[in-house]
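> The lines below spell out each chain.
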Amino acid sequence: MDAILFLLFAAIAVVCGLNLVLQSHPISSALSLVGVMGSLAVLYLLLGGEFIAAAQLIVYAGAIMVLFIFVIMLLNAGTERKLPRRLWVKYAGLPLLAVFIGIASFVIQRMLPVTEGVKFGAMTHGNPREIGRALFQIYLLPFEVTSVLILIAILGAVVLARKEID
Amino acid sequence: MNFFVISLIKSGLVAFVLLTALAYIQWVERKVLAHIQLRIGPRRVGPHGLLQPLADVIKLLTKEDMIPSHVNKFFYLLAPFLAVMFALISIAVIPFGTEVKIGSFSTPMQLTDLNIGVLFILGLSGIGVYGVALAGWASNNKYSLIGGLRSSAQMISYELPMALAIAAPLLMLNSLSFRELVDGQAGFYFGFIPRWAIFQGPFPQIVSFLLFMVAAFAETNRVPFDLPEAENELVAGFHTEYGSMKFAAFFMAEYCNMVTVSCVGALLFLGGWQPLWPAEYGSKFVPTLIFAIAGLICLSHGLRPARPFDRFTLPVFAVIFLGIAAIFLVPILATILLPLFWFLAKVGIILFIYIWIRGTLPRFRYDQLMSFAWTFMFPIAIVNLFITALMVAVTTK
Amino acid sequence: MPELPLPQSVPLAWYLILSAILFTLGVAGFLFRRNVITVFMSIELMLNAVNLSFVTFSYKFKQVDGHIFSFFVMVVAAAEAAVGLAIILTIFKNRQTLEIDEVSSLKN
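Which chain is which? The protein sequence lines are A, B and C, in order. Quick note, the working numbering runs 835 ahead of the 1-based positions in the first sequence. Quick note, the working numbering runs 135 ahead of the 1-based positions in the second sequence. Quick note, the working numbering runs 2 ahead of the 1-based positions in the third sequence.
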């Protein structure tokens, strides 16, 4: 059952990723990216990261991608003009990509033993209690620094998007 | 296999009850609004207009399903689908009562008890923005686009005070699973004050409850925050190019969001299915009493009817109410039905407040609405969370 | 029900291979697309792929540190998206174009 769920959502993620790269209209790419994030949230649940799955949905798919979609709608972005590519890029690009991914996959699966698989429920430390404990005890300094980072980002966005008053 | 079959049965039951309830909440809204405005509301289709939702469903199903020629077809058809799907999924984590024992099976009255239930609801309300934004954009219409963008900006802005208002009782109740949250509100202070989150020490969560209710009004695009739907009603709105079933999908999504936030409010702040006073002071007889009084009122009005048709319908309602009152006295059914009654009573009161406010208040202008969220509610939510955290830290050992 | 040749538990390597594929797709999108918003979204795809590999390794060692790293990556991505989109809005306001090839006045 785990394997079927993994294969299904991995296939959805890869198809949405391909759609992101191949579609010409930015809105289709944005919604494909939301699809990738949704299927990755399910994969995080399979890996026992329930808080990260919920955070992915709330923060990434629910806020950041809505921001992207707002900007695309506000700027009324149209479809991209297609550039004619050189011949060797078109015909050697994809096979080389496949060869690269093949080599990477071979190296990865040689490094990790097959016996150690992912069972749903084997990882119990992903609950909010553990994350809270780690975040506020061991990783307290990075946590505070990221809050300052968000403050800087808010200030930057407000300044950049302000209307010029002459 | 047993678990699978029981879950299927529960899902079917919850889906059926939810969809019927959505249609009848619309009936309640029209009747209550009408009585607030000193008129009667629907009364022709069935006794007291009770078959009006059925007539509306038949009308919406049989209307011509038109797709305008200038819209982006894929996203135009996808948007109501997304809106209604994410609205209906959130009922999966809402518990309606305690465990139900039928024969040898014992299942909780909840579809699934996620231990991150609250985060799940927050995530779904975040993703629910996509239906609205896509509908506004795909309609290829200036007014739809502005209405859609305003509505989705409003929904995102009010998510923040809502999340902070939800975080405050979580600090006191120490769990994210809805069932544990309600179990943490069991018991009574001094023997008669319920330990609901709005009464619970060290810091009664009254401010959080008010913040949550106001943010919930804005999240579901209801009055007084329904400017993106209503001002443009005169011209357009994000659902202007939609007709028949697609429009019905948006309205179903809106009522379902209303039901979900009312359920979440009842679970987090009003104690879920915990009764208002202890069972030894007679809280077991409250539903019987209420339904019996309703039945007697119907009977007395049926004997001196205001309209001739009521001579037949009101006694029938009286018999139905007295029958329900009698069901609550049966001991086997009472253990299942009592928690359900308390939960539904609280959700019903919150929904009534939604409808009551719709009939009473004027609506905010859009810039007033946004500055209310960012300059008033957000600071208050942060201060409330801070005070709650302080009180919890000081009083726990 | 026919017995499909699927393993009982999913090998950890498959998650990392998926992360590699998504990262490669992100790099391809970053290099080949010309709309600046799509380039930005390819960057987000790369960040998501990295998040997946963090959570995978966190499973392997049964510790929560990978989740914390992933959380910080999400926070940084949020901050970067906010400022980056504000910059894109400013570029659009000044150049009226969303293609990165045309914002090249500092070149040569």
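Derived by calculation from the structure, the hints in this document are not laboratory data. Errors might be hidden in some of the hints.
[As the list claims (entries may be wrong)] Here are the computed lysine-lysine pairs in the DSS-like style, where the Cα-Cα straight-line distance is at most 27 Å:
| hint | chain 1 | residue 1 | chain 2 | residue 2 |
| --- | --- | --- | --- | --- |
| 1 | A | K917 | C | K109 |
| 2 | B | K208 | B | K166 |
| 3 | C | K109 | C | K95 |
| 4 | C | K62 | A | K917 |
| 5 | C | K64 | A | K954 |
| 6 | C | K95 | B | K277 |
| 7 | A | K917 | B | K198 |
| 8 | A | K954 | C | K109 |
| 9 | B | K208 | B | K198 |
[To be verified] Derived CB-CB ranges, DEER-like:
| hint | chain 1 | residue 1 | chain 2 | residue 2 | range |
| --- | --- | --- | --- | --- | --- |
| 10 | B | H170 | A | L842 | 32 to 42 Å |
| 11 | B | G336 | A | G956 | 45 to 55 Å |
| 12 | A | S982 | B | M526 | 40 to 50 Å |
[Unchecked claim] Chain A side only, calculated, beta carbon under 8 Å to chain B, not exhaustive:
| hint | residue |
| --- | --- |
| 13 | I893 |
| 14 | I904 |
| 15 | F905 |
| 16 | M908 |
| 17 | L910 |
| 18 | A912 |
| 19 | G952 |
| 20 | F955 |
| 21 | A957 |
| 22 | N962 |
| 23 | P963 |
| 24 | E965 |
| 25 | G967 |
| 26 | V983 |
All residues carry an ideal CB built from backbone N, CA and C; glycine is no exception.
> Kindly indicate which numbered hints from before are broken by the structure, ordering the numbers from low to high.
Violated: hints 2, 4, 7, 8, 10, 11, 12, 17, 18, 19, 20, 21, 24, 25 and 26.
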